[in-house]
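Which chain is which? The protein sequence lines are A and B, in order. Here the numbering used here is used: the first residue of the first sequence is 1, the next is one more, and so on. Here the numbering used here is used: the first residue of the second sequence is 1, the next is one more, and so on.
In short, the hints are calculated from the structure, not lab data. Check the hints yourself; a few may be wrong.
Copies of the same chain are indistinguishable here, so a pair counts whether it falls within one copy or spans any two.
[Said to hold, decoys possible] With a straight-line Cα cutoff of 20 Å, these simulated EDC-like cross-link-like pairs (lysine to aspartate or glutamate) come out:
| # | residue 1 | residue 2 |
| --- | --- | --- |
| 1 | K401 | E144 |
| 2 | K359 | E73 |
| 3 | K324 | E373 |
| 4 | K236 | E92 |
| 5 | K398 | E144 |
There are 2 protein chains.
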Amino acid sequence: MRLDQTSLNSKKKIMVLGGDGFCGWPTSLHLSQVGHDIVIIDNLSRRNIDNELEAESLTPIQPIHTRLNAWKEITGKSIDFYNIDIANEYAEFLQVIQSEKPDVIIHFAEQRSAPYSMKSPKHKRYTVNNNMNVTHNVLCAIVESSLDIHLVHLGTMGVYGYGTAGLKIPEGYLDMEVKKENGERVEQQILYPTNPGSIYHMTKSQDQLLFQYYNKNDDVRITDLHQGIVWGTNTKETNLDDRLINRFDYDGDYGTVLNRFLMQAAVGYPITVHGTGGQTRAFIHIQDTVRCIQLAIENPPARTDRVFIFNQMTETHRVADLAKLISKLTGEEIAYVPNPRKEAAENELHVKNDLFLSKGLQPITLNEGLLQEVTKVAKRFKDRADYEKIPATSLWTKEQKPGVPEV
Amino acid sequence: MRLDQTSLNSKKKIMVLGGDGFCGWPTSLHLSQVGHDIVIIDNLSRRNIDNELEAESLTPIQPIHTRLNAWKEITGKSIDFYNIDIANEYAEFLQVIQSEKPDVIIHFAEQRSAPYSMKSPKHKRYTVNNNMNVTHNVLCAIVESSLDIHLVHLGTMGVYGYGTAGLKIPEGYLDMEVKKENGERVEQQILYPTNPGSIYHMTKSQDQLLFQYYNKNDDVRITDLHQGIVWGTNTKETNLDDRLINRFDYDGDYGTVLNRFLMQAAVGYPITVHGTGGQTRAFIHIQDTVRCIQLAIENPPARTDRVFIFNQMTETHRVADLAKLISKLTGEEIAYVPNPRKEAAENELHVKNDLFLSKGLQPITLNEGLLQEVTKVAKRFKDRADYEKIPATSLWTKEQKPGVPEV
Chain A
1 MRLDQTSLNS
11 KKKIMVLGGD
21 GFCGWPTSLH
31 LSQVGHDIVI
41 IDNLSRRNID
51 NELEAESLTP
61 IQPIHTRLNA
71 WKEITGKSID
81 FYNIDIANEY
91 AEFLQVIQSE
101 KPDVIIHFAE
111 QRSAPYSMKS
121 PKHKRYTVNN
131 NMNVTHNVLC
141 AIVESSLDIH
151 LVHLGTMGVY
161 GYGTAGLKIP
171 EGYLDMEVKK
181 ENGERVEQQI
191 LYPTNPGSIY
201 HMTKSQDQLL
211 FQYYNKNDDV
221 RITDLHQGIV
231 WGTNTKETNL
241 DDRLINRFDY
251 DGDYGTVLNR
261 FLMQAAVGYP
271 ITVHGTGGQT
281 RAFIHIQDTV
291 RCIQLAIENP
301 PARTDRVFIF
311 NQMTETHRVA
321 DLAKLISKLT
331 GEEIAYVPNP
341 RKEAAENELH
351 VKNDLFLSKG
361 LQPITLNEGL
371 LQEVTKVAKR
381 FKDRADYEKI
391 PATSLWTKEQ
401 KPGVPEV
Chain B
1 MRLDQTSLNS
11 KKKIMVLGGD
21 GFCGWPTSLH
31 LSQVGHDIVI
41 IDNLSRRNID
51 NELEAESLTP
61 IQPIHTRLNA
71 WKEITGKSID
81 FYNIDIANEY
91 AEFLQVIQSE
101 KPDVIIHFAE
111 QRSAPYSMKS
121 PKHKRYTVNN
131 NMNVTHNVLC
141 AIVESSLDIH
151 LVHLGTMGVY
161 GYGTAGLKIP
171 EGYLDMEVKK
181 ENGERVEQQI
191 LYPTNPGSIY
201 HMTKSQDQLL
211 FQYYNKNDDV
221 RITDLHQGIV
231 WGTNTKETNL
241 DDRLINRFDY
251 DGDYGTVLNR
261 FLMQAAVGYP
271 ITVHGTGGQT
281 RAFIHIQDTV
291 RCIQLAIENP
301 PARTDRVFIF
311 NQMTETHRVA
321 DLAKLISKLT
331 GEEIAYVPNP
341 RKEAAENELH
351 VKNDLFLSKG
361 LQPITLNEGL
371 LQEVTKVAKR
381 FKDRADYEKI
391 PATSLWTKEQ
401 KPGVPEV
C-alpha cells in the first residue's frame with residue numbers, strides 16, 4: 001500500500017490523544033488525509049504552558065476549532081474534538097472510548113520537554129503525575145472497555161541513555177547472556193536497560209513498564225515508538241492552508257536542538273551550543289514522524305505478541321556538527337555556552353531502525369532544502385520572537401549554569 | 001554494634017513514612033527502642049481501606065495516639081506524629097522535612113497489596129497514582145530541602161518476577177554480557193530486568209527507575225529493600241503492651257500467604273491454596289524486617305554510591321509445602337481453590353541475601369514456636385473474624401476465578 005492513501009477496507013477509527021500538539025496535529029491531518037476516521041482528545045495543556053512560560057509558538061497557530069473547520073473546508077473531512085484532561089477525567093475519557101469505539105489510540109498526551117520537567121519541583125511533579133496517570137488511565141480504560149484497541153505510543157530515544165560505546169542500540173529489546181549457578185550460559189532478550197537523562201525521559205522509561213505489564217496481563221496490543229529529536233515544521237497537510245500551520249517552539253524549554261539552531265540563525269541570534277557540542281543525538285523530520293505512525297498503525301501486533309518497539313529516527317548527528325553546518329549555511333556565529341543539563345559532554349550513538357525501513361520508510365535526511373524551509377518559516381514569523389526566551393535556563397542541578405551567551 | 005541498642009553518637013533523627021502500618025509500626029518502635037529519634041508520617045490510609053473493605057485487622061489495633069501514648073508511658077520515649085497525605089500534600093510534607101531535618105527517611109507509604117491493586121480500575125488507578133506520587137514527592141522534597149538524607153525504601157521481591165530457572169536472583173543488579181558490533185563481548189551490570197506480577201508490583205518496579213534517576217542526577221543516598229512475604233505478627237516491642245499490638249490481616253486482599261494459612265487453621269477454615277500451590281515465594285519474619293531496616297540505616301551508601309539494593313528475605317518455600325506443614329501442625333484440611341491471579345502455576349526461586357548476612361543478620365527461619373505464636377494470636381482474636389472476608393476474590397483478569405472453597 002502507498003503511504004499517501006488507504007484502501008476503504010483498512011479504514012480505521014483512530015483516536016489521537018494530544019492531537020493538538022507539535023506531533024499530534026500533523027499526525028491527525030495526515031491520517032485523516034489518507035482516509036482514516038480521526039477523533040482528537042486534547043486538554044490544550046501545551047497552549048496553557050505557552051501562557052505559563054510567556055513564550056508562544058513562533059508560528060501563529062490557530063485555535064483548535066479554527067484548525068478543524070479549515071481542514072473540513074479544504075478537504076471535506078471532519079475531525080471530532082473532545083477537551084478532556086485524561087490524567088484527571090478518567091470517567092469522561094472512558095465514556096468517549098465506549099461511544100467512539102476506536103480501532104487505534106495514538107498516545108501523544110504527555111508533557112514532552114526535558115528542560116520543562118527539570119525547571120522546579122512543581123514542574124518535576126507535574127510531569128510525573130501527568131505522564132504516569134495519563135498512560136495508566138489509557139491502558140486501564142482500554143481493558144475496562146473490553147475493546148480490542150491497538151495502542152500506539154510516542155516514546156523517546158532518550159530512554160536508552162547514551163552510554164553505549166560500540167553497541168548499536170537495538171529496537172527496544174537487548175540480547176544478552178547470563179551465567180547460571182552451574183556455570184551454564186543462557187541467552188535472554190530483555191527490555192533494554194534504561195538510563196534516562198531527565199525526569200521527562202524517566203517517565204517514558206516508567207511507561208515501558210506499564211506497557212510490559214498490561215501486555216502480559218491483559219494482552220493489550222501496543223506499539224511503542226522510541227522517537228529521536230524531531231525537526232522541521234510543516235507537513236504536506238499543514239502546508240495546505242495558513243490556518244493549518246504547525247507549532248514551532250524556539251524557546252529554551254520546548255525548542256529542540258536543530259530547529260532552535262535554525263531559528264537562531266534566521267533571526268540573527270548566535271547559535272547556542274551547550275558545552276562542547278560533543279553530544280550525539282538521533283533525528284527525524286516531522287514528515288517522517290507522521291509516516292512512521294501510519295506504518296505503525298498498518299503493522300499492528302497480534303494479541304499474542306509482546307510490545308512492539310520501533311526506533312523512530314532516521315539519522316544521528318553530533319550537535320557541534322549541526323551547529324557548524326548551519327553556521328556555514330547562514331553565516332551566523334556559534335556561541336559555546338554552559339550546559340544546563342547534567343550529561344556526558346561527549347557520546348557516540350549508533351541506532352538500529354531496521355523495522356521502519358523494512359516496512360517501506362524512505363527516510364528524509366538532513367538536506368539544504370528542508371533546512372532552508374525551516375529558516376524560511378522562522379524568518380517569516382521573526383517579529384513574533386521574544387529573544388529573551390531563547391536561552392535554556394532550566395537547570396538539572398544547582399551546580400549547572402544557564403545556557404546564556406556572554407554579551 | 002549489637003542490634004538491640006545504639007550508641008549515642010550514632011543516634012539519628014528518623015522519619016518513618018507509613019509508620020502506622022503493618023511493617024511501619026513495629027519498625028518505628030524498634031528504632032525508637034534502640035535509641036533513635038522517631039517521627040511518624042501517615043495519612044492512616046490503611047485504616048481507611050479497612051473501612052472500605054469492611055475487613056478489620058484481626059488484632060484490635062489502637063488509634064495512633066493511643067499507641068504513641070502507651071509507648072511513652074511504657075518506655076519514656078516520645079514519637080511525634082503528623083497526618084499528611086504525601087501524594088497530595090507536598091507543601092506540608094516539605095515543611096515537616098525542613099523543620100524536623102531527618103537524617104533518614106524510611107518509606108513504607110505505598111499501597112502494598114497486590115490483590116487490592118487488581119480489584120477494579122479504581123483500585124488500579126489509586127495504586128499507581130498514590131505510589132508514584134508518594135515516591136516522587138519524597139525524592140523531590142529531599143532534593144528541595146538540600147539536606148543529605150538517606151532514603152530507605154521498602155520494595156518487594158516481586159519486582160524480579162519468578163521466571164528464573166537456574167539463576168540465583170542477585171541483589172538488585174545483574175551481571176550480563178552483550179555483544180558489540182565488532183563481535184567483542186562486554187560485561188555490564190544492570191538493574192535486574194523486572195517482571196512484576198501485579199499493578200502493585202509494577203509500581204515498585206517504577207520506583208526503581210525513580211531511585212536510579214535521583215541517585216544519578218542529585219546524588220541522593222538510597223537503599224532499596226526487596227522484601228519477601230512477611231509473616232508473624234508481633235515483635236519484641238509490640239509485645240510489651242496490648243495497646244501496642246501490631247495489625248494482622250487475614251482477608252483475601254491484605255492477608256499474605258503464610259499468616260493467612262495460620263489464621264485459617266486457627267479458626268477452623270480450610271487452608272486455601274490457589275491453584276496447585278507450586279508457587280515458590282520468599283519469606284521473612286516481621287522481627288527480621290525491623291532488624292534488617294536497622295542494618296540498612298547503620299550501613300548507608302555514600303553520596304557517590306549507586307542505589308544499594310538488598311534482598312530482605314531469609315528463606316524460600318513452595319506454597320503447597322507450607323500448607324501441608326500447617327495442616328500437619330493443626331489438623332486443618334487443605335482446600336485447593338482456583339487461582340485468582342494470572343501467574344505461572346509453578347516456579348523455582350533461588351535468592352541471594354548475602355548483604356544482610358554479611359552485616360550480621362541471624363535469620364529467623366520457619367519454626368514451630370513462631371508458627372504457634374501466630375496461631376495463638378489468631379485464636380485469641382478469632383471472634384473478630386468475618387469468615388466471608390477470607391477468600392481471595394480480586395481477579396487479575398475476567399478469565400480468572402475467585403479463590404473460594406467449594407462447600
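- Query: When no copy is specified for K236 and E92, does a C-alpha distance of 20 Å or less occur within a copy, between copies, both, or neither?
  - Reply: neither (33 Å within a copy, 51 Å between copies)
- Query: What label fits K359 with E73 when the C-alpha limit is 20 Å: within, between, both, or neither?
  - Reply: neither (33 Å within a copy, 73 Å between copies)
- Query: Quick one: K324 to E373, C-alpha cut-off 20 Å, is that within a copy, between copies, both, or neither?
  - Reply: Answer is within; shortest intra-copy Cα gap is 18 Å, inter-copy 75 Å.
- Message: Please sort K398 with E144 into within, between, both or neither, judging by C-alpha distance up to 20 Å.
- Response: between (44 Å within a copy, 10 Å between copies)
- Message: Reference check for the pair K401 and E144, CA-CA at most 20 Å: within, between, both, or neither?
- Response: between (47 Å within a copy, 17 Å between copies)
Hints 2 and 4 from the list above are not met by this structure, while the remaining hints are.
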